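Below are the chains, spelled out letter by letter.
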Amino acid sequence: MPEQRSFRVFRGDAGGGQMKEYTVETGPGMVVLDAVHQIQATQAPDLAVRWNCKAAKCGSCSAEVNGKPKLMCKTRLDDLPADRPVEVRPMRTFPLIKDLVTDVSWNYEVNKKIPPFTPKPNGEWRWMQEDVDRVQEFRKCIECFLCQNVCHVLREHQKQPEFFGPRFFVRLAALEMHPMDAADRLDLTHRQSGVGYCNITKCCTEVCPEDIHITDNAIIPLKERVVDRFYDPVRRLLRKLFRR
Amino acid sequence: MDKYETHESDVLVIGAGGAGLRAAIESSAQGARTALVCKSLLGKAHTVMAEGGIAAALANVDAEDDWRVHFHDTMAGGKMLNNWRMAELHAKEAPDRVYELERWGAVFDRTGDGKILQRAFGGHRYKRLSHVGDRTGLEMIRTLQDKGVHQGIDIYMECTITRLLKDGDRITGAFGYWRESGRYVVFKSKAVVLATGGIGKSYKITSNSWEYTGDGHAMAYEAGAELIDMEFVQFHPTGMVWPPGVRGLLVTEAVRGEGGILRNSKGERFMFKYLPEANKKDFAESDEEARRWVDEVLAGKKPTVRRPPELSTRDNVARSIYTEVKEGRGSPHGGVFLDISYQPAERVKKKLPSMYHQFLELADVDITKEPMEVGPTCHYSMGGVRVDADSGASTVPGLFACGEVSGGMHGGNRLGGNSLSDLVVFGRRAGLGAADYAKSAPSPRPDGREIEEAASIVSAPFDRPDGESPYDIQRDLQTAMSEFVGIFRTEADLEEGLRRIETLKARAKTVGVAEGTRLYNPGWHLALDLKNLLIVSEAIARAALLRKESRGAHSRLDHPKTDSHFGKVNLAVRNVGERMEVRETPLLEMPAELKKVYDEVETPKAVKVP
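Just so you know, the protein sequences line up as chains A and B, in that order. If you read the first sequence in the working numbering, its first letter stands for residue 37, the second for the next number, and so on. If you read the second sequence in the working numbering, its first letter stands for residue 556, the second for the next number, and so on.
It is worth saying that the hints were derived from the structure and are not from the lab. From a predicted model like this one, the values you see are computed outputs, not experimental measurements. There's no promise every hint is true.
[Said to hold, decoys possible] From the derived model, a few chain A residues whose C-beta atoms are all more than 12 Å from chain B:
{"hint": "1", "residue": "F43"}
{"hint": "2", "residue": "Q54"}
{"hint": "3", "residue": "A91"}
{"hint": "4", "residue": "R120"}
{"hint": "5", "residue": "Q165"}
[Stated by the list, open to error] If you want the footprint, here are the derived chain A segments under chain B, 3+ residues with CB under 8 Å:
{"hint": "6", "segment": "73 to 81"}
{"hint": "7", "segment": "93 to 107"}
{"hint": "8", "segment": "142 to 150"}
Cβ coordinates follow ideal geometry from the N, Cα and C atoms, glycine included.
Could you build all of it, start to finish, from the sequences and the hints given here?
Below, the structure written as structure tokens:
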């Protein structure tokens, strides 16, 4: 006899909904997304869920499993307590569409505000691996938006219009630290991105499935650059004197 | 019928993976008003899963490489069935496209002197694949996505196109529905570029996502375009085999490119015995020689000996693994062992980070300490829409195709790394071709009756609440294709496969939506995808039945040898009065000049280990 486990999955849409119980036959190495697919194929054909690669490469299947923001394709059932049902809910920070699917389009709007990569006109396209290790760390981002989901500035305080969120601080940092990029995004970082709202609680770093050190490697350096340019009185004076 | 919204463009690109994005960027750069639709969110397309690298003869690591060798390798890998012009353009233009990606912000791994690093891959004579660890596809799609969104392309996400609309013989747009709301949408467009990817969801074990249901193949077929080489389906040699939930998930060829060794349950390095006579001399003949190659490459030296046998082409490695398992020398979960654990752990984690995490987190295997278990998985369709090499134009006016949905570039077997380069080389060309065509094409005029018909097909499953489950039909199709139209084929099996497909076609007409409304309803979405899956499955089986020989990815147990007659033809599939016709069409004749290029690329001389 295959083993069974109970699941409680959110079913509903913008008009409301509730947790619904399902029983799933489990197997070795099974992940939450496998269970959701089994429910779809055998019990609830209309259960809405996003997924693509099933290998933690596309960042589509983000949800809250037992209250924790996770990629469902990477969350093993044997890592979850066996004595109670597995609870699966949609990401709370984004408007609900249906079941486990939320409207993440706001993120795409934020991305449009960030000036794209702008190469130096006459540079030589050579650099050492060490020079881009950090940029490559940022470019690992799979846009699962779990960091956006968990960030209290967005989740609790709904600062969406004036705060870009961790994902886009990572993007800003990747562009700022690219050895061949010539654009200046510090003014945008200071005046529009709302990086100042971040009080470094590192919730984003904790949930990142790609282990990007969002706070330490992206947000703090951005904050430092902003402070350097806009708040350091000595530098400001020197800049004025030497017209830099 | 229900109301629908309408959007108008000069060029409509369907699919936003590497090919679709590159096509849209080019079309838009040419001044054409460009719309881009995709089934998923932007940046989630299948390209994101490409791991090992993008093939281009940059000659950054092996100075001897140039486009001629790349062209030679591609044609040889495709068993000479490739459209030679595509292989030529691809080999010549891939380097420019890689440098272009870099100038758009992609950050490739570097050589010791700061250039783009390249790694070895199966079938490529030289180290040719530019890469970013084992997440090259992500780097590429993000780069193209960021380039695209700042270029004024109208992007429509989570929208499924179900039908191409025609005005007489010519394409005039497309019909689809929003996945979120289920509402209909009509795209009026002078030209349409198909960039819909592949067909992997026809098979049970596949590295492909839910999106790969052959939409572009099927819609082109229904619109009257010709599909070629459909019998050639690539089974990637190394997919995960355990646990069951991840069976089929890709294990990048880069593992072998970085020195990974294949062994059976007896510990034998079995690939030595499966090397084809024709190019056996290109490969190491002993464990010692192969290990020395890896040592030299890891030390950054130019190898003085020949490549390991694991770097044979994908079709050959997949068959070899299948045979080892079938003959009882498989691993505990029905695969073989792939071992990279003899290398320094830190190096493995740096060069193959996502493989390391994938196995550790999903299979409890630490690949720096123990071997992986791997087996073949359906990965890629060499077959697709017949296109003009230079412009991507199909046989239907106004319809273009690029990337996996197009056919011809890879012939009978694709080399690893040649897909990512294919996407950008021919994505760009199809974008150019479509924008150019649109300049002189008449304004789009979709026919109201055709739209109504398309709408009634899409809504039909709602009329059958007690109809059959789409999930059951898809599962049965996948089983039939895997059992009867898989890696090894026979006439009897293929005929059985076709019988099952006929039965499934009848069942698919009774498919229903048992629960839910039009709001984000995956059961309904799948019900609509079934038709496409069935068309491509039938095309694969019919073409496979007709090609009575073994060549490249197509292996007939009842015709185990290559047959020179079939070396001169592509099989073309067409919709003739609601009947699927498969016929032989002669290969394009390669010009003498290019033949000379092919012949002049010498095969490497045998080198003995001193």
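Results of checking the hints against the structure:
1. F43: Correct as stated: the minimum Cβ-Cβ distance to chain B is 15 Å, above 12 Å.
2. Q54: 16 Å, holds
3. A91: The claim breaks: A91 (chain A) does not keep its Cβ more than 12 Å from every Cβ of chain B (closest is about 5 Å).
4. R120: It holds; R120 (chain A) is separated from chain B by about 22 Å at its closest Cβ, greater than 12 Å.
5. Q165: 4 Å, violated
6. 73 to 81: Check passed, 5 qualifying residues.
7. 93 to 107: holds (count 4)
8. 142 to 150: holds (count 3)
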